[in-house]
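Spelled out, the chains give:
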Amino acid sequence: MLGSGILKGLGVTAKNFAGSYHDPARMVTQEYPDTPVKLPEAYRNFPFLVTENATDPMGTLRCVACQICEKECPPQCIYIEKSKDKKPDATGKPQLYPAVFAIDTAVCMSCQLCVEVCPFDAIKMDQIFEVAATNRFAGLLLNREQLAKPNSYFHQLHPTDAAEVDGRLGAERKAAEEKARAAAAAKAAAPKPAAPAVTPAPKPAAGGPTP
Amino acid sequence: MSIMPPEPSPGLDLETAPLLVRDWIVHRFPDALQWFVHHLLSITVILTVFGLFFAFTTIAERKLLARLQNRLGPNRSGLPWFRSLKLWGLTQPFADAIKAITKEDVVPAAADKVLHFLAPVVIVAFSLLGFAVLPFGRHLIPVELDAAILYFFAAGTATELAIFMAGWGSRNKYSLLSAMRALAQLISYELPLILSVVPVILVTGTLSTRDIALAQGGWTWGVLPHWHVFTPWGFAGFLIFLVAALAESNRSPFDLPEAESELIAGHLTEYSGFKYALFFMAEYFGLTALSGLGVTLFLGGWQAPFAILEIIPSYLWFMGKLAGMIVFFIWIRGTLLRLRIDQLTRLSWKFLVPLALLNLGNAAFWALTPGWTGPLALARWAVSAAIVIVPFVLLGRRLTAGYAPRTYRYAA
Amino acid sequence: MTLALLLIAFLLLGAAVAAMLSRNLIHSALLLVGAWAGIAAFYLWAGAEFVAFAQVLVYVGAVSMVVLFAVLLTRQGATAAPVEFDSVKRMIGGLITAGGVAGVLLGAILGTPMDVTAAPPPAAISVRQLGAQLMGPHAAALLIVGVILTVALLGAIVIAAVDKPEDPAP
Amino acid sequence: MSCSDQSGLDAELSAFGRPGGPTVRPVHDQFHGDLLEVSMGPQHPSTHGVFRMVVTLDGEQIVKLKPVFGYLHRNHEKIAENTSYLGSMPYTDRLDYLCSMSTNWAYALAVEKLSGQAVPDRAQYLRIIMAELTRLVNHSCLVGFLFNDLGTSFTPLLYAFREREKILDLFESLSGSRMMCNYQRFGGCRVDPSPEWLAAAQALVDGFPRFLDEYETMLTGNEIMLARTQGVGRLDPAHAVNAGITGPVLRASGVGYDLRKVDGYGFYPRFDFRVPVGEAGDTYDRYMMRILEMRESVKILQQAFRDLPAGPVMDPKAKLRGFRPKAGEAYGRLEGPKGELGFYLISDGSPNPWRYRVRPPSLINLTLLEEMCLGHTIADAVVILGSIDIVLGEVDR
Numbered sequence: 001m002l003g004s005g006i007l008k009g010l011g012v013t014a015k016n017f018a019g020s021y022h023d024p025a026r027m028v029t030q031e032y033p034d035t036p037v038k039l040p041e042a043y044r045n046f047p048f049l050v051t052e053n054a055t056d057p058m059g060t061l062r063c064v065a066c067q068i069c070e071k072e073c074p075p076q077c078i079y080i081e082k083s084k085d086k087k088p089d090a091t092g093k094p095q096l097y098p099a100v101f102a103i104d105t106a107v108c109m110s111c112q113l114c115v116e117v118c119p120f121d122a123i124k125m126d127q128i129f130e131v132a133a134t135n136r137f138a139g140l141l142l143n144r145e146q147l148a149k150p151n152s153y154f155h156q157l158h159p160t161d162a163a164e165v166d167g168r169l170g171a172e173r174k175a176a177e178e179k180a181r182a183a184a185a186a187k188a189a190a191p192k193p194a195a196p197a198v199t200p201a202p203k204p205a206a207g208g209p210t211p
Numbered sequence: 001m002s003i004m005p006p007e008p009s010p011g012l013d014l015e016t017a018p019l020l021v022r023d024w025i026v027h028r029f030p031d032a033l034q035w036f037v038h039h040l041l042s043i044t045v046i047l048t049v050f051g052l053f054f055a056f057t058t059i060a061e062r063k064l065l066a067r068l069q070n071r072l073g074p075n076r077s078g079l080p081w082f083r084s085l086k087l088w089g090l091t092q093p094f095a096d097a098i099k100a101i102t103k104e105d106v107v108p109a110a111a112d113k114v115l116h117f118l119a120p121v122v123i124v125a126f127s128l129l130g131f132a133v134l135p136f137g138r139h140l141i142p143v144e145l146d147a148a149i150l151y152f153f154a155a156g157t158a159t160e161l162a163i164f165m166a167g168w169g170s171r172n173k174y175s176l177l178s179a180m181r182a183l184a185q186l187i188s189y190e191l192p193l194i195l196s197v198v199p200v201i202l203v204t205g206t207l208s209t210r211d212i213a214l215a216q217g218g219w220t221w222g223v224l225p226h227w228h229v230f231t232p233w234g235f236a237g238f239l240i241f242l243v244a245a246l247a248e249s250n251r252s253p254f255d256l257p258e259a260e261s262e263l264i265a266g267h268l269t270e271y272s273g274f275k276y277a278l279f280f281m282a283e284y285f286g287l288t289a290l291s292g293l294g295v296t297l298f299l300g301g302w303q304a305p306f307a308i309l310e311i312i313p314s315y316l317w318f319m320g321k322l323a324g325m326i327v328f329f330i331w332i333r334g335t336l337l338r339l340r341i342d343q344l345t346r347l348s349w350k351f352l353v354p355l356a357l358l359n360l361g362n363a364a365f366w367a368l369t370p371g372w373t374g375p376l377a378l379a380r381w382a383v384s385a386a387i388v389i390v391p392f393v394l395l396g397r398r399l400t401a402g403y404a405p406r407t408y409r410y411a412a
Numbered sequence: 001m002t003l004a005l006l007l008i009a010f011l012l013l014g015a016a017v018a019a020m021l022s023r024n025l026i027h028s029a030l031l032l033v034g035a036w037a038g039i040a041a042f043y044l045w046a047g048a049e050f051v052a053f054a055q056v057l058v059y060v061g062a063v064s065m066v067v068l069f070a071v072l073l074t075r076q077g078a079t080a081a082p083v084e085f086d087s088v089k090r091m092i093g094g095l096i097t098a099g100g101v102a103g104v105l106l107g108a109i110l111g112t113p114m115d116v117t118a119a120p121p122p123a124a125i126s127v128r129q130l131g132a133q134l135m136g137p138h139a140a141a142l143l144i145v146g147v148i149l150t151v152a153l154l155g156a157i158v159i160a161a162v163d164k165p166e167d168p169a170p
Numbered sequence: 001m002s003c004s005d006q007s008g009l010d011a012e013l014s015a016f017g018r019p020g021g022p023t024v025r026p027v028h029d030q031f032h033g034d035l036l037e038v039s040m041g042p043q044h045p046s047t048h049g050v051f052r053m054v055v056t057l058d059g060e061q062i063v064k065l066k067p068v069f070g071y072l073h074r075n076h077e078k079i080a081e082n083t084s085y086l087g088s089m090p091y092t093d094r095l096d097y098l099c100s101m102s103t104n105w106a107y108a109l110a111v112e113k114l115s116g117q118a119v120p121d122r123a124q125y126l127r128i129i130m131a132e133l134t135r136l137v138n139h140s141c142l143v144g145f146l147f148n149d150l151g152t153s154f155t156p157l158l159y160a161f162r163e164r165e166k167i168l169d170l171f172e173s174l175s176g177s178r179m180m181c182n183y184q185r186f187g188g189c190r191v192d193p194s195p196e197w198l199a200a201a202q203a204l205v206d207g208f209p210r211f212l213d214e215y216e217t218m219l220t221g222n223e224i225m226l227a228r229t230q231g232v233g234r235l236d237p238a239h240a241v242n243a244g245i246t247g248p249v250l251r252a253s254g255v256g257y258d259l260r261k262v263d264g265y266g267f268y269p270r271f272d273f274r275v276p277v278g279e280a281g282d283t284y285d286r287y288m289m290r291i292l293e294m295r296e297s298v299k300i301l302q303q304a305f306r307d308l309p310a311g312p313v314m315d316p317k318a319k320l321r322g323f324r325p326k327a328g329e330a331y332g333r334l335e336g337p338k339g340e341l342g343f344y345l346i347s348d349g350s351p352n353p354w355r356y357r358v359r360p361p362s363l364i365n366l367t368l369l370e371e372m373c374l375g376h377t378i379a380d381a382v383v384i385l386g387s388i389d390i391v392l393g394e395v396d397r
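Protein chains in written order, with our numbering: chain U, 1 to 211; chain L, 1 to 412; chain A, 1 to 170; chain B, 1 to 397.
Hints in this document: simulated from the structure, not taken from any laboratory.
Each hint should be verified, as a subset may be incorrect.
Below, a list of computed lysine to aspartate or glutamate pairs in the EDC-like style, where the Cα atoms sit at most 20 Å apart [to be verified]:
(1) U:187 to U:177
(2) U:38 to B:121
(3) L:173 to B:60
(4) B:166 to U:70
(5) B:319 to B:121
(6) U:71 to U:56
(7) U:38 to B:169
(8) U:15 to B:213
(9) U:38 to B:196
(10) L:86 to U:34
(11) U:71 to B:169
(12) L:86 to U:31
(13) U:71 to U:34
(14) U:8 to B:77
(15) U:86 to U:145
(16) U:93 to U:104
(17) U:15 to L:13
(18) B:319 to B:169
(19) U:38 to B:165
Only a predicted model underlies this, so the values are computations on that prediction, with no experimental measurement involved.
Please build the complete structure, drawing on both the sequences and the hints.
Laid out in structure tokens, this is it:
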């Protein structure tokens, strides 16, 4: 009968109208500035550099300026300049550190390839999306100081990843210390020791990608 | 035009309260001016009431559509100085009005300045004229005309003139084409609109809206009101009136002119700022006036649905039914798709006009057989219903010949 | 009440004259529609509501559309039509005929005895009586007018319709 | 032009597009009566993105239609030649930005065929789950936009978006981004979904048919919908096959060609699902194809969730960096929501592909837009374009 399809349609919209008052599934508006948005843990926006602690950020940067992320980044938005001198890192081994580490967030597309390929877990994905700058160039070019954030912040953003990364790094440090202690003991035991064992090469990149 | 209304019954009741206020004001002026002040007062009342009604129809439309679509709708606008006051968006229309007024009013260089300026003026003036004859309450009728309905349609047709002036005045090829298309739509739906009203005139025997509203008084067993919509021919006439009113005011299934599938935004392309707001307001005034006429003719005007509900003043019933019809139009807008221009005119000429003519015959049959009582009344209802339903089904089947939902086979 | 009469008369004649003088065809068409509205105002002034609303409904609503469409579709309304005489002989002929017609009209107007005092408007007859009159003694005239209009409509359709093939199957 | 030429043109017009008719489009000179040329787009509310149609109108009917695109060309394939294989993966999200997961899989499929990389079972199942969820997202988007072109004031679109948002929230909690997932790698998937994620996805998929039923009661039987779409934009099966059209547009014309059945890539042969086929090939059939395909996808997803195996999501021997496939070429293709999406790679042993070519189903389905629109009005042309379902990121690359 002509018009029956239209009546059914009106029925559906009426059901949705009534539903919008009592059925949460039919009221989808989230009033954003008033109710803060609940981001999933895996959410990623721009990268940030992890530092061991908040007190001395430039001193305890995990990044050793190996420039793997600079080469792998598809839009080439990372710029690194190695330092001249070396600085002992968390495991006590002297490592380089980045004198200049800049990310142009106007170019970065938050694809997190840099996080995947970084062998030192030095760069992780941030969750800030309210990014506004007064000018397009300087405002969006984040330098080393702006990028560095403490490990505690990383724990706050991605708890499961942070725990897994800390577990792995802790194990590595323990292994490095035992080797150092064993080397020291061997040196103490036999006064004319052989040349100390070559410090372990950075963890081969072939391991499964950390999320 | 008698100046003095029928003497209101003594004692203050809500029904005649507005009349007492009016008489109190009118008598404060010298005799020579009383006639002028009396009409000036009713004009200002209509303008303020229906101006606010227009404002809150826009906000109601946006919030109702939002609720149909599982979202909230505008709820942010409050008062500028009372930031903390939570007003659920009620001041949104005034914010829109300020925006429309302050926006730059661009007039194209090649435009015909006179026509371009005159079009919104004419369209608002004529769409407001329709309110003069609507009986808002038992005693509240601005102008008691003997040929009220003829006056209403005379005022309505002039809006076509304004749309032509807008289309031609903008000196823009596409807006002229769209104005032509809008005119084709208006003219082709003028006929079903008037034909759907004629049965009411035939049965009540008068063109005056006040008498029509009075004719629908009374209830059988105190519960069933004698509104025209509860008779077969009245129901059919009401449906045709609804469809034609939707088309006349360019709303939902027929909003061809400003459809994006059209070339540009119809004859309103070259208008901006306050003139565009005027067109927008005229559309809503036209819609409200048509709904008011629909309420008066078919839904019993200011008559209360049940005898005991007479205590509520009549003008509240009228405004309630008017708001009900506007909500129905918004509901239709939230659901239905748009018709193509050829389907639209085919629907009018090949479906609505024949049905309206048959409905005219149906009303004649109804008017000639008031005497049938008892079992004959049932026969009367059956015949009248048959005259409506049978052609509806036959014409409907011919209209939708070849269109049906299909069933599908599956390959692998 | 004569003030209202003079005002309406002045507006009506003004619109008609402006319609004649205006170069833009569309403007003159719209001024013509204004003149028709003036006539409707006359009817209202005389108390004949039904005729006034019928006049507005028919002329201002429908016939104006026909006029405007005709003007639009036949010739570009915007271009000013050239208004001058081809030759002196034609001009003289034009003036003579205009003078003759004006003379006849004036003679008729002055000749008819019109009592100066405005007669009191007759009792307003209701639409129902009007309907009875139309359907009673004047029924034949009404039907004939209806037939003529239908014939005119069909004639227009026959002339306008190009033999379009049955619209292609959807 | 006398009257006879008018009927001559009509004969010419109706012959075009029928088998045996002139394949060269009849050229209409300007003096055939006042043809009106209208340019719709690139900023037009109803063309999906920056797409322009130069339409020549004879009164109401379309006589000529020239699609113009390229406004969104980003040189994707040349950039891919100067980026490593892994580096191009995030760019494939930006090709068809409505279905990034299935585009990722198509690219991973091609690279795995190139390098002979194995993929563990759990990853194969996850890829099917993601591809079918993307099909739900894309088809609900399309149906919503189609009704917007037909003139509803956003109501069906917002119902469809309500369901789509739930699926995008799942993608975000899994891969980190709603539309730019960058989730597949060569040899498996990047992240193993948590049990809570699988439970949420299962709940969503079970609730999807209820949304489809509500949609169908509201719109499929609607008389105005039937009048506006049935018989509009008819596509002849032979022409569709000749033009290389694939996907729901081809199946709506009656050719039951679905790569999931033809190629049997991934673990699709293990799933039992059916491929709906239309018969009239008009806009209504294309709409119904999407609705019925969504119902089939729900069946596939339910089977996939039921027997999702445990195990690694990434092949242990997969190399992330320093990936140098041996010289050669490979063409990997899959049944994307819009049609056959293929990646053709030529490798010369270096870490960057020597040639990287994408087979965009949207662009190829667009070639016959004019044949479908001839004889219809502009309002129909907008609806026909909507029913073909193009995304300009994929058309222009």
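Against the structure, the hints:
1. For the suggested pair residue 187 of chain U and residue 177 of chain U, the alpha carbons sit about 15 Å apart, so the restraint of at most 20 Å is met.
2. The suggested pairing of residue 38 of chain U with residue 121 of chain B is violated, with an alpha-carbon distance near 33 Å, which exceeds 20 Å.
3. Restraint check for residue 173 of chain L and residue 60 of chain B: the C-alpha separation of about 15 Å stays at or below 20 Å, so the hint holds.
4. Distance restraint check for residue 166 of chain B and residue 70 of chain U: the Cα-Cα separation of roughly 35 Å exceeds the 20 Å cut-off, and the hinted pair is therefore not satisfied.
5. With a CA separation close to 18 Å, the supplied pair residue 319 of chain B and residue 121 of chain B stays within the 20 Å bound.
6. Taking the CA atoms of residue 71 of chain U and residue 56 of chain U, the gap is about 28 Å. The hint is violated against a cut of 20 Å.
7. For the given pair, residue 38 of chain U sits about 11 Å from residue 169 of chain B by alpha-carbon distance, which is consistent with the 20 Å threshold.
8. This hinted pair checks out: residue 15 of chain U and residue 213 of chain B have alpha carbons roughly 14 Å apart, not beyond 20 Å.
9. The straight-line distance between the Cα atoms of residue 38 of chain U and residue 196 of chain B is roughly 17 Å, inside the 20 Å bound, and the hint therefore holds.
10. Simply put, residue 86 of chain L and residue 34 of chain U have alpha-carbon atoms about 13 Å apart, close enough for the 20 Å limit, and the pair holds.
11. With a C-alpha separation of about 32 Å, the suggested pairing of residue 71 of chain U with residue 169 of chain B is violated against the 20 Å cut-off.
12. Taking the CA atoms of residue 86 of chain L and residue 31 of chain U, the gap is about 14 Å. The hint holds against a cut of 20 Å.
13. A distance of roughly 42 Å separates the Cα atoms of residue 71 of chain U and residue 34 of chain U; the hinted pair therefore is violated under the 20 Å criterion.
14. The straight-line distance between the Cα atoms of residue 8 of chain U and residue 77 of chain B is roughly 49 Å, outside the 20 Å bound, and the hint therefore fails.
15. With a CA separation close to 19 Å, the supplied pair residue 86 of chain U and residue 145 of chain U stays within the 20 Å bound.
16. The hinted pair formed by residue 93 of chain U and residue 104 of chain U fails the criterion: a straight-line CA distance of about 31 Å is larger than 20 Å.
17. Using a Cα cut-off of 20 Å, the hinted pair residue 15 of chain U and residue 13 of chain L is violated, with the two alpha carbons roughly 40 Å apart.
18. Under the criterion of a C-alpha separation no larger than 20 Å, the hint pairing residue 319 of chain B with residue 169 of chain B is inconsistent with the structure, at around 30 Å.
19. At most 20 Å may separate the alpha-carbon atoms for a hinted pair to count; residue 38 of chain U and residue 165 of chain B meet this at roughly 14 Å.
Checked against the numbered hints above, the structure violates hints 2, 4, 6, 11, 13, 14, 16, 17 and 18; every other hint is satisfied.
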